[in-house]
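Student: The lines below spell out each chain.
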Amino acid sequence: MIKTLCYILGLLNRKQLVITVFFLHLGLLKSQGTFDSLKLKLPKHYFNTVISVDGYKNAKNDLVDTNKLLTKRLKNYTINQFNLSFYTPLHTHEDTNSKVHSNTHYLLTGNFMLLQPVFGGMPKHDIIRAGAGLRIIHNTGKKGIWFFDASPFMIKDVSYGSNGTIRMASSAIYSHNFSKTFNMRVGLVKTFLFGNRNYLPYFGFRVGALDRLHFSFQFPRSMSLVWPVGNTFNLSLYSRSQGGVYTFSNKNQVYYLNNDATFYFARREVNTGLRVDFKPTSRLLVYVAGGFSTRNTVSFYSDNRNRANRLGTYKVFFYKNELPTTVFANVGVTIKLGKSKSVYNNLNLMDAIDLNNQNAPGDDNSFNGNINLPAKASKNYNLKSIEDLIDINDF
Amino acid sequence: MLSVAASAQKDKDAVEALRMEYVGKRLDLSKAEADKFWPVYNEYNDKIKVLRKNFRQSFKKPVDALSDKEIEELYLLDLQTKQAEAELYKVYRDKLKLIIGAKRMLKLIAAENDFKKEVIKTIQDKSD
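If you read the protein sequences in the order shown, they are chains P and G. 64 is the number that the numbering used here gives to position 64 of the first sequence; each next residue is one higher, with no gaps. So the mapping is simple: the numbering used here equals the position in the second sequence, first residue as 1, plus 395.
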């Protein structure tokens, strides 16, 4: 304004005025963007990259129905399972211009599993399952979270070089946050968790805040009573379904009615037990669980035979055995990498993180812990832990 | 080394959670207000933390061991950090004021100051 006045008064010519206004404007812009000019790296996503390793084993169980010829041959059964999975954010879209703060998260997921079904009367089989998937999580910015997951995977019995099978599991879930202490979820899942391809409704609810004692029921995945003890331990009583459909080599002539190179091995069980999560640092979580494996069922069926049986149902097993209750052990390590944007008191994003973790990558139903939820408030602080909060002038 | 850093980060996260809990209780936001307030407030705090961390980490050598050029650079960085903090404060306080109003903005400022006082007092008590 002063410059304009000078120009009007004839103290500056037009060219001088243009240059002066340009530099004045540049200075104004600079003063608004000192933060940007420092080019500091801010986290782009609300989700961290998380890598998990999970090991599972149940105790050897005798196959009880001895009337069946195969039971006599197979004798007993146990399972060893090793899982490596990860998810990583690909892109985060934020809409901060509208009246609500909505955002959409695109995550890449991956899962590798080595499964060893061990039957006493047969050499060990090594089955691998490997897949990569995409999940989209949309936070409406109000009370809802939409969750979509597509996880194609390949299953192969690598012991005898058999052909693999490609399958796809998927989920579409809507989660509604009524309050910090009550949440409901509904949706539809396509899963092989129960030893068959199932399209199941998803229904879940949580009572209690995520960082306090809470009960979570998530059909068909799990049910748990979780007690966070400070920021280091989490105790939980839980029940979780587990299983799948796996390509199985017929090298040992288990399917003796036909000359199929492979058939399908299906299993399911429900694990109920106690789990302890130990979080020594903000980036590492270790868990140990043990309990009882119930509703333990193994079955074999021939895809060729069942497809040929056009008049009958596809679900025909040439062998099925329900085993008695046994015990299991489960251990795992979860690592959080990179930095993420803060989600303190942001109920929707905290729910989005929990929803993502409750639905493990792939068609795997292990729970790798809510490592990326905000820490629980603690008064156990020291000078080092408050250095970013306090300015020297505050003292 | 990494483990020590990760452990310190865990403590920082817990204090930050405590601060957010403290501020949240004092503001008494409705669900609709909270949905709008916390993303903006978290974003502001993330930026401030990155600024302060950047400045803190620039002081790796003792001042006497710095070259003249490094001294100039650090002096400038100090000014820029303070200026950026002030600019962010203005921009984000205006945004937050639109969400919760001027009266509760003052409550927010009071809550932040009270929290600092409590933290300082606790640390002083511990050191006595």
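Hints are supplied without guarantee of correctness; some may be wrong.
[What the hints assert, rightly or not] Some, not all, of what chain P presents toward chain G, calculated at C-beta under 10 Å: (1) 100; (2) 104; (3) 344.
Hints were generated in silico from the structure; no laboratory data involved. Glycine residues also receive a C-beta, built at the ideal position from the N, C-alpha and C atoms.
Student: Does each hint hold? Answer for all of them.
Tutor: Hints, verified against the model:
With a cut of 10 Å, the hint placing residue 100 (chain P) at the interface with chain G holds, because the nearest CB-to-CB distance is about 7 Å. Look at residue 104 (chain P): its Cβ only gets to about 14 Å from chain G, farther than 10 Å, so that hint breaks. A hinted interface residue such as residue 344 (chain P) counts as satisfied when its beta carbon comes closer than 10 Å to some beta carbon of chain G; here the least separation is about 4 Å, so the hint holds.
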